[in-house]
Amino acid sequence: MWRGVFVHADGATMTQQQKKTVFEPWDEPNEQPIIQFKNVTKRFGSFTAIEDLTLDIYRKEFFALLGPSGCGKTTLMRMLAGFETPTEGSILLDNKDIAAVPPNKRAVNMMFQSYALFPHLTVFENIAFGLRRSNMPKADIPGRVEEMLRLTQLMPFAKRKPHQISGGQRQRVALARSLAKAPKLLLLDEPLGALDKKLRNDTQFELMDIQEKTGTTFVIVTHDQEEAMTVASRVAVMDQGRIVQVSTPDRIYESPNSVYVADFIGDINLIKGKAYHVAGEQSEIHWAEGQAPILATSATPCPDGADVTFAIRPEKVAISAERPEDMANAVSGKILDIAYLGNISTYHVELPSGDIVKAQATNTRRVARRRFTWEDEVWLSWTDTAGLILTT
Amino acid sequence: MDLRRKFLIFVPYAWLLVLFLIPFGIVLKISLSDTALAIPPYTPKLDWSDGWSGIISYFSQLDFENYVFLTEDSLYYVAYLSSLKIATISTIATLIVGYPIAYAMAKSPSHLRPTLMMLVILPFWTSFLIRVYAWMGILSQEGLLNQFLLWIGLIATPLTILNTNWAVYIGIVYTYLPFMILPIYAALEKMDGSLMEAAEDLGCSAISAFWLVTVPLSKPGVIAGSFLVFIPALGEFVIPSLLGGSKTIMIGKVLWEEFFSNRDWPVASAVAVILLVLLIIPIMLFQRNERKQREMEQ
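Going down the list, the protein sequences come from chains C and F.
First residue of the first sequence: 1463, per my numbering; consecutive thereafter.
First residue of the second sequence: 231, per my numbering; consecutive thereafter.
Simulated from the structure, these hints should not be mistaken for laboratory data.
Since the model is a prediction, treat every value here as computed from it, not as a measurement.
There could be a bad hint or two in this list.
[What the hints assert, rightly or not] Below are the DSS-like pairs computed for lysine-lysine, each with C-alpha atoms no more than 27 Å apart in a straight line:
1. 449/F x 1623/C
2. 1567/C x 337/F
3. 420/F x 1623/C
4. 449/F x 1621/C
5. 1623/C x 522/F
6. 1659/C x 1675/C
7. 259/F x 483/F
8. 1600/C x 1623/C
9. 1621/C x 522/F
10. 1621/C x 420/F
Build the full structure now, drawing on both the sequences and the hints.
This is the structure we're talking about:
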């Protein structure tokens, strides 16, 4: 689900032919990152919030810092804004160390989780606040504010105070205010956390749209993996002050590098076992007495007998009444539970070994005519490439 | 509307009627009467035995003579103006002293705040009169303050502070300081800390963030505190009579002298009614400030 940017096709066939090119500056060796964390460590007393972290963020990226609360993602963002300074290591913005630059002198703006709108100022004055502190000529300020109001569709509310508008509108004022000074980098701290689910979904797309229109580099902090997957060009999954994996959302989802990432992002079945090499990229995983080993592929085969975790997403597990012929892996079990989510159902199937494997199927039929129900004996099957062998 | 709610609304109104409106009606009536050598020292008195004609003659004897008298003798308007001046200056002084204290309290670690709050309220645990007498001991010629200043060599001869307006200002600032600190503290304490960070993030220095964000947001607290000091200070009687000198003229003192020295209850009542009318303006402004603040918080 990475996002691409459009570039114009050759002049002659401008009519419909527009080619989608890949936006992957992190794979370009010549591309200069806008933000560089170099071995950054941050300690609060005896507590280490960030540990020896190195990270590059590129221009025009929509970069997501994802992790549970207390993982250090907010500290990382506050260091970018200038409210915290690294204990060790350096942070470079456009190749310049910004450790000594105070927050009010940085070309970085932040959208706060609480929005931090000034309650005594109108929407217009809130947006103009940063511009009035800059060296922008006084006469140009109203024009810039109006531009921001139009961008965030807030024109009718310019004269209102923050307490006179809705939560969604406040969120947009906060965004407009932080974008008004055209920062090199915009930091968003849980920007959609206070909105209800439906509004949050709409706003995610608005955010992406605005990011693309302004071409600003966005760094977003969130604990909501769905949000990170939707908006971000790359996601950094954090755990206890370290970055576990940095990659595009699809790679984070499809090929997590560890059990932690696999478990944190989405729903997944994790089966512990021992791996034995078969041939080529194929390995067998022996996971329970009296059960056929799981056949899986891995680009880097692990040594025979190594402890591994086999990970497979529920939507990649097929469920059927009869044993399928052509699948590499098939196990039988009894349906223990069905989670009905409307469009899809998740079946919790208990295997004879006691393990529970989740399988997901789209509800193409009405619930009343569902093929399987509780206590049914079913077969679960998947191909040898559907799952992953994780060693850490 | 059920009975319970009717009762709940009735209680404060009954309270107001018994403890404010009826006494005020009596004072208003006395202010329209004439002095008399009698007990109580005014006339007319309502005599029910004469029936209807008695009531008519009673009302026909009421007039605005005393109010006219207030405009004729310069003592009264000098006292009103002087009270206004002393109350205004004291309110500003209390604000200057109180704001930094409230600010420091709001910025202190949250586990210290209840203790600091306690310290601000602590003086109320002893009698107000005793505390004012204590100030007499501090401010007199041989008082603690003069002895201290002489001892450190800052002055060569003792300063005359007691029985001047200075002592009155000190007394009012000291007495009413908690009324200024508490509303400002309440306004500062509930301020979202990220507002200051947002201001800094948008290019403010720490000082300009204070002026552009903290000060405007603490304005309701400043206004509330100022009225809570100004309103009682305007009618203050104990502090000017104990700490002030013969040159300190405040309307509260004039009122007291009219009642108890001159035994001129009607004129004293007229002075009181005018004082109340003067106070209605700041009280209304205070109420408006409170209402606006409530709207902001919704």
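For each hint, the structure was consulted:
1. A threshold of 27 Å between alpha carbons decides the hint, and for residue 449/F with residue 1623/C the separation of about 16 Å falls inside it, so the pair holds.
2. For the hint linking residue 1567/C to residue 337/F, the alpha-carbon distance of about 24 Å falls within 27 Å, and the restraint holds.
3. With a CA separation close to 18 Å, the supplied pair residue 420/F and residue 1623/C stays within the 27 Å bound.
4. Distance restraint check for residue 449/F and residue 1621/C: the Cα-Cα separation of roughly 21 Å lies within the 27 Å cut-off, and the hinted pair is therefore satisfied.
5. In summary, the hint linking residue 1623/C to residue 522/F is supported, as the alpha carbons are separated by about 13 Å, within the 27 Å threshold.
6. Restraint check for residue 1659/C and residue 1675/C: the C-alpha separation of about 25 Å stays at or below 27 Å, so the hint holds.
7. Of the pairs offered as hints, the one joining residue 259/F and residue 483/F holds, with about 22 Å between alpha carbons and a cut-off of 27 Å not exceeded.
8. For the hint linking residue 1600/C to residue 1623/C, the alpha-carbon distance of about 22 Å falls within 27 Å, and the restraint holds.
9. Distance check on the hinted pair: residue 1621/C and residue 522/F sit about 17 Å apart at the alpha-carbon level, within 27 Å; holds.
10. Under the criterion of a C-alpha separation no larger than 27 Å, the hint pairing residue 1621/C with residue 420/F is consistent with the structure, at around 25 Å.
Taken one by one, the earlier hints all hold for this structure without exception.
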